[in-house]
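Peer 1: Listed below, chain by chain, are the residues.
4 protein chains.
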Amino acid sequence: MEQTFRPSHADFTYEAKYGIRNWQGGGRASARETIGRVAAGAVAKKVLVALQPAFEATAYVTQVYDLAATVDSTTVTGAQVEGNPVRCPDAATAEKMMEAIKRARSEGDSLGGVIECVLRGVPPGWGEPVFDKLEADLAKAMLSLPATKGFEIGSGFAASGMRGSEHNDAFEMREGKVRTKTNRSGGVQGGISNGEDIVFRVAFKPTATISREQQTVTAAGEETTLAARGRHDPCVLPRAVPMVEAMAALVLCDHALRQRALRLES
Amino acid sequence: MEQTFRPSHADFTYEAKYGIRNWQGGGRASARETIGRVAAGAVAKKVLVALQPAFEATAYVTQVYDLAATVDSTTVTGAQVEGNPVRCPDAATAEKMMEAIKRARSEGDSLGGVIECVLRGVPPGWGEPVFDKLEADLAKAMLSLPATKGFEIGSGFAASGMRGSEHNDAFEMREGKVRTKTNRSGGVQGGISNGEDIVFRVAFKPTATISREQQTVTAAGEETTLAARGRHDPCVLPRAVPMVEAMAALVLCDHALRQRALRLES
Amino acid sequence: MEQTFRPSHADFTYEAKYGIRNWQGGGRASARETIGRVAAGAVAKKVLVALQPAFEATAYVTQVYDLAATVDSTTVTGAQVEGNPVRCPDAATAEKMMEAIKRARSEGDSLGGVIECVLRGVPPGWGEPVFDKLEADLAKAMLSLPATKGFEIGSGFAASGMRGSEHNDAFEMREGKVRTKTNRSGGVQGGISNGEDIVFRVAFKPTATISREQQTVTAAGEETTLAARGRHDPCVLPRAVPMVEAMAALVLCDHALRQRALRLES
Amino acid sequence: MEQTFRPSHADFTYEAKYGIRNWQGGGRASARETIGRVAAGAVAKKVLVALQPAFEATAYVTQVYDLAATVDSTTVTGAQVEGNPVRCPDAATAEKMMEAIKRARSEGDSLGGVIECVLRGVPPGWGEPVFDKLEADLAKAMLSLPATKGFEIGSGFAASGMRGSEHNDAFEMREGKVRTKTNRSGGVQGGISNGEDIVFRVAFKPTATISREQQTVTAAGEETTLAARGRHDPCVLPRAVPMVEAMAALVLCDHALRQRALRLES
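Protein chains in written order, with my numbering: chain A, 1 to 266; chain B, 1 to 266; chain C, 1 to 266; chain D, 1 to 266.
One or more hints might be untrue.
Heads up, the list lumps identical chains together, so a pair's fine if it works in one copy or across two of them.
Pairs of lysine to aspartate or glutamate, DMTMM-like flavour, derived with a Cα cap of 25 Å [what the hints assert, rightly or not]:
1) 181 <-> 128
2) 45 <-> 132
3) 102 <-> 233
4) 181 <-> 2
5) 96 <-> 166
6) 46 <-> 128
7) 45 <-> 72
8) 102 <-> 254
9) 181 <-> 15
10) 181 <-> 107
11) 46 <-> 15
12) 45 <-> 222
13) 177 <-> 72
14) 45 <-> 128
15) 181 <-> 33
16) 45 <-> 99
17) 177 <-> 166
18) 102 <-> 82
19) 177 <-> 213
20) 177 <-> 99
21) 45 <-> 213
22) 181 <-> 213
23) 96 <-> 233
24) 177 <-> 222
25) 102 <-> 166
Bear in mind the hints are in silico, worked out from the structure with no lab data behind them.
Note that the structure is a prediction, hence the values are computed from the model and not measured.
Model the full structure from these sequences, guided by the hints.
Peer 2: Okay, here's the thing in C-alpha cells:
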C-alpha cells in the first residue's frame, strides 16, 4: 500500500493535493480522526441538556447492505440501540446484519448501510433562515464524516415522488401548542426547527479497503492489483452511530447558543 | 394567510423564532431570495473558467413526481437542458413532466422532483480532508436552497446496498493520468476531487403553498383550514436548476481559490 | 487625479492590488464607506441597551494637531460632545480646534488628531481569553477605520514607562462589588471586561488629500506634482466620532451575544 | 493566590466569566499560552519565504521603562537583536535595560516597555480594503498578546500632531518601481501594503504579578493584601519579541495566501 493507491480511498487525492500521504493508517482519512468529534459531541450533549433538559440524540443503524430494519423513530431508545453490537434496535434484523458482516469479512469484502438519527426535545426556533439552515448544517456535518454518500431529512428523497397535498404536514393544536399531525418535514421548516422530532438519515458506502484483489495503479503510474492487508472494518455502520450523534449534537449546540444569544426578551 | 400558518411553509417557524413574518411573499423563505446566489454564481463561474478553462457546471431535472428521466451525465449539454421549459434533457419525459405540472396546477396541487448536477473539468486536489470536504460543502450549499430534502453524491443512497468489491472505483492509467474506470465516488474521494466528473443529486419536496384546502392553525392558536391564493409555482424544479448550478459554482470557486493559495511550487 | 497617485492615499495600493481604482471618490477607501457601519452601530446600540440597560458609548475628540483637550472620561456626556461642531467636550479647546481647522483649510492643508471613547455599563465577563480578547477586537475595529494609525486602551503607550507597583489597579469592595481603585486597565483584564469603564483612544493621521502641491508619480510611472481639487475635509476627527462609537458598539454587541449564549445558569 | 485576586491580572475577570480559574499558573492568561503561536509562526515564516523569498520579520525591544533605545528600522538585523538577552539592538541601552530589570526584580517590582517590528520584502497588494485591513489584522494580533496595551503603525500616535503636508509620503520612481520618499504610512496605505517596510510598535504594561504587597480582595469579597510568590518575569519584553514576530508572520501569511488566491492572471 505504500506504493499503490487503494481504489475509492483518499490515497490518490491526498497524493494529488499534498504530494505526501500516510499510507499506514490513512491519516486524516481514517475514521480514527473522528475521535475528537465524538469527545466534543459528549460536551455538546451536556450543554444541550443544560439548556434544554428534554434534549436527546439517538442514532441507530437502519440498513446494512440489503437488510433493512423496522424502527419507529418516535419511540426508539438508546438502550435498544446499545442492545446489540450492530446498534440496530430491530433485534431480529440485527442478528441477520451481524451474520452478513461476518460473511463479508470472511469473503474479504465490505458492506454499506444507512444510519438514522432522531433529535428530540428541540424547541421551535433553532436554525437560520438562509445559508445556515438547520438541515444545511446537519448535511454538511454528516457529509464531513468519512464514507458518507448521502443525507436526507424527513421525507428526504421520497419527497421527490409526492404531491404537495400528500406531503404537507397539517398543523393542529395539541396541549396548547402548535404541532404537526405528520412529520414529513423532519422537524425543520424553512431552515428552522418546528418543535417536532428532527429525523434524518445518512448513507454510508462500503469500506474502501478490502482484502479482495482489485485493479489499481501505483504512485509511479503503473497498473497493478492490490489486496489490502491489516485489520479493516468490513462495515463501518455500527461504529459510525456515535459519530452521527456527536456531529448532530455539535450542530444543534451551535444553533442553541445562537438562538439563546438572540432572544432579547428573556 | 396573514393570520394562518401555511402547512410545511416557514410561517410558523419564523413566527416562533422572530415573532414576526412576511406573510405576503414569504420574505427570506421565498425562492426569490436566491436571486443573489444566482448572480454571485455567474461571477463564480467566470472566475472558475479563468482558473480552469475546462470547468463546466450543468444541472438538469431528472425527476418530477413519478416521472424519471434517462440522462447520461457524461454527455449531457447545457443546450439539451435549455431545450425545453422544464430543463430536462430527456425530451420525451420532459413532455410528460410538463403535462403533469399543468395537471397539478389545475388541481391546485404541487409536485416534487430531483435535480442532478455534473461539474466537469475539476482537477484533482480541490476540497479539504476533514470538515470542509468538497461533498460536505456541496451538501450544505444544496440543503440551504428552499424546498430541498436530500443530497447525494455519486452512488449516494444506492451505496448503502452495495459491497465494497462492486462499489470501489478501480484505478487505471488513461492518457498518462490516473483515472477511475467507474465513477461511483462521484468525483470526490476523501473529501477531495479526483479529477473525474463531480455528480450529485438534490431532492426537492413539492411546493408547500397549494390552493387545495388544508388543515392548519392560526397565529392565535385556533384550528382552521386554508386554501392559498396568489401565483405559486406548482413545481419548483425547472426554476431551481440555475440555483443548483450557482451554489455549486460558489462552492467550487471557494475551493479553487483555497487550493490556488496553497500550491507553493507554482 | 485620474492619472496620478495621491500621496498617502489608497490610490497606488488599489492599483497594485486590483489594477483598477475609483479615483473620483476614493471608492471603498473613502470614509463614505463607513455609512453602513454607523447604521449597523445604531442597531447594535439598541441591542446592547436591551441586554444591558446601563450601556452607553460616548466618543469625543481629545486632540486636533497640537491642541489637546482636557476631558474627564468618567463624567463626560453625549450632550457635551454634541455641544460644538468639532465634538470636543472641552469647549475652550474646541474653539481653538475650529480655528486651527479653518486655518488648515485656507492653507490647503489638513490636521491629525485623537478620539477617545468610553463605554459604560459593561458588566464583568465580556470578551474571550485568547485571540478574541475584547481589546483585540476593539483594536481591529478601530484600525479598520480609514486614516487611523494607532489604538491604545487604558494606560496605553504610557504603560510602557511604568512600574507594576504604580500601574496595577488595586481591587477594593464597593457596594458589594469587586471594583478597582484606579482604571489603568481601561476596563479590560486578560481580554475580559472587569466592570469598570472601558476607555480607549484612536490616533488619526491628517487627511491625505490636500490642495497643496505634492510630489508624486503617475500610473504610467512618471514623476509629477499634484494639487488636489474638490471638497475634502481638512480634519476627519469630528466626523469620525460616530464611526468610533459605531464600531465599538458592534464589537461590544458581538461579545454581549456570545456571553449571553454561554451563561447556562440563567 | 488561590483565594485572592492579583491586581490587574485575569484572576477576577476569569472568575466573573467562568466561575473557575487556574490560579497556579494563570492558565490561558499565562504567556505560556503563546507557545502554540510561536510554533505556528515558524511555519508561517517558512510559507512566506517560499512565496516571497525576500520576506523577513524582525522584532526588537525599543523601550524598557524610561530607557528608550535608538534603532534604525531600515537596517536592523536579527543578529543584532539576538546579540543580548533583552533583545534590544542598541547595545549600550540594552546594558542599562538589563540593570533596570535586575533592579526591578530585586525590588519585587516589574517594568513595561515597547517592541517594534519591521516586516521587509512584502510586495504591494497584501491586505483587504475594508474590515480586514492589514493594519487592522496586525492590531488585533498584537492586542491578543498578553500584557499589551497599545498598537501603532508607521507614524502612529505622532500622526495626530501632524499636518498633511508634513505627514504624506511623497511618491517617486526608484529602480522602475513606485516608492515613497518617507515611510510615515508604515508600509500600508488604505489597508493594503505599498511595498515599503511595514513598521509597527506594541506597548506592553509592566507584569501584573509582583512580590510587593498590594491591596486587593479575596474571591469571597474580603479586602486583603497580596505579595505574590513564585517565579515571575519582572519584564516580559525580551520574551515577547518572538511572540510579536510570530503573530506578524501569521497575519502576513494569511494575507499572502488570500492575495495569491486572487491573482487570476498568473
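Peer 1: Run every hint past the structure and note whether it holds.
Peer 2: Verification of the hints:
1. For the homomeric pair residue 181 and residue 128, the shortest alpha-carbon distance inside one copy (24 Å) is at most 25 Å, but the shortest distance between copies (41 Å) is not.
2. Both within a single protomer and between protomers do residue 45 and residue 132 lie at most 25 Å apart by alpha-carbon distance, with minima of 20 Å and 23 Å respectively.
3. Taking identical chains as interchangeable, the C-alpha atoms of residue 102 and residue 233 lie at most 25 Å apart only when both belong to the same chain, with a minimum of 10 Å there against 51 Å between chains.
4. Only between protomers do residue 181 and residue 2 lie at most 25 Å apart by alpha-carbon distance; the minimum there is 22 Å, versus 56 Å within a single protomer.
5. In this assembly of identical chains, residue 96 and residue 166 lie within 25 Å of each other by CA distance solely across copies; the values are 21 Å between and 34 Å within a copy.
6. With identical chains, the CA atoms of residue 46 and residue 128 are at most 25 Å apart both within one copy (23 Å) and between copies (21 Å).
7. For the identical chains of this complex, residue 45 and residue 72 are intra-copy neighbours only, at 23 Å inside a copy versus 44 Å across copies, given an alpha-carbon limit of 25 Å.
8. Neither within a single protomer nor between protomers do residue 102 and residue 254 lie at most 25 Å apart by alpha-carbon distance, with minima of 39 Å and 43 Å respectively.
9. Only between protomers do residue 181 and residue 15 lie at most 25 Å apart by alpha-carbon distance; the minimum there is 19 Å, versus 51 Å within a single protomer.
10. Taking identical chains as interchangeable, the C-alpha atoms of residue 181 and residue 107 lie at most 25 Å apart only when they sit on different chains, with a minimum of 23 Å there against 47 Å within one chain.
11. Only between protomers do residue 46 and residue 15 lie at most 25 Å apart by alpha-carbon distance; the minimum there is 21 Å, versus 39 Å within a single protomer.
12. Taking the shortest alpha-carbon separations for residue 45 and residue 222, neither the intra-copy value of 49 Å nor the inter-copy value of 35 Å comes in at or below 25 Å.
13. For a Cα distance limit of 25 Å, the shortest separation of residue 177 from residue 72 inside one copy, 23 Å, qualifies, whereas the shortest one across copies, 48 Å, does not.
14. In the homo-oligomer, the alpha carbons of residue 45 and residue 128 lie at most 25 Å apart both inside one protomer (20 Å) and across protomers (23 Å), since each shortest distance falls under that limit.
15. Taking identical chains as interchangeable, the C-alpha atoms of residue 181 and residue 33 are never at most 25 Å apart, the minima being 40 Å within one chain and 29 Å between chains.
16. Taking the closest pair of Cα atoms, residue 45 and residue 99 never come within 25 Å of each other, the shortest separation being 33 Å inside a single copy and 49 Å across copies.
17. Taking the shortest alpha-carbon separations for residue 177 and residue 166, only the intra-copy value of 23 Å comes in at or below 25 Å, while the best inter-copy value is 50 Å.
18. Taking CA atoms no more than 25 Å apart as the test, residue 102 paired with residue 82 passes inside one copy only; the shortest distance there is 19 Å, against 50 Å between copies.
19. Proximity of residue 177 and residue 213 under a CA criterion of 25 Å is satisfied inter-copy only: 22 Å between copies versus 59 Å inside one chain copy.
20. In this assembly of identical chains, the alpha carbons of residue 177 and residue 99 never lie at most 25 Å apart, being 46 Å within a copy and 40 Å across copies at closest.
21. Within a single copy, residue 45 and residue 213 get their C-alpha atoms no closer than 43 Å, and across copies no closer than 41 Å, so neither meets the 25 Å cut-off.
22. Taking CA atoms no more than 25 Å apart as the test, residue 181 paired with residue 213 passes between copies only; the shortest distance there is 16 Å, against 52 Å inside one copy.
23. Taking identical chains as interchangeable, the C-alpha atoms of residue 96 and residue 233 lie at most 25 Å apart only when both belong to the same chain, with a minimum of 17 Å there against 46 Å between chains.
24. In this assembly of identical chains, residue 177 and residue 222 lie within 25 Å of each other by CA distance solely across copies; the values are 10 Å between and 66 Å within a copy.
25. Taking the closest pair of Cα atoms, residue 102 and residue 166 come within 25 Å of each other only across two copies (18 Å); inside a single copy the shortest separation is 41 Å, beyond that limit.
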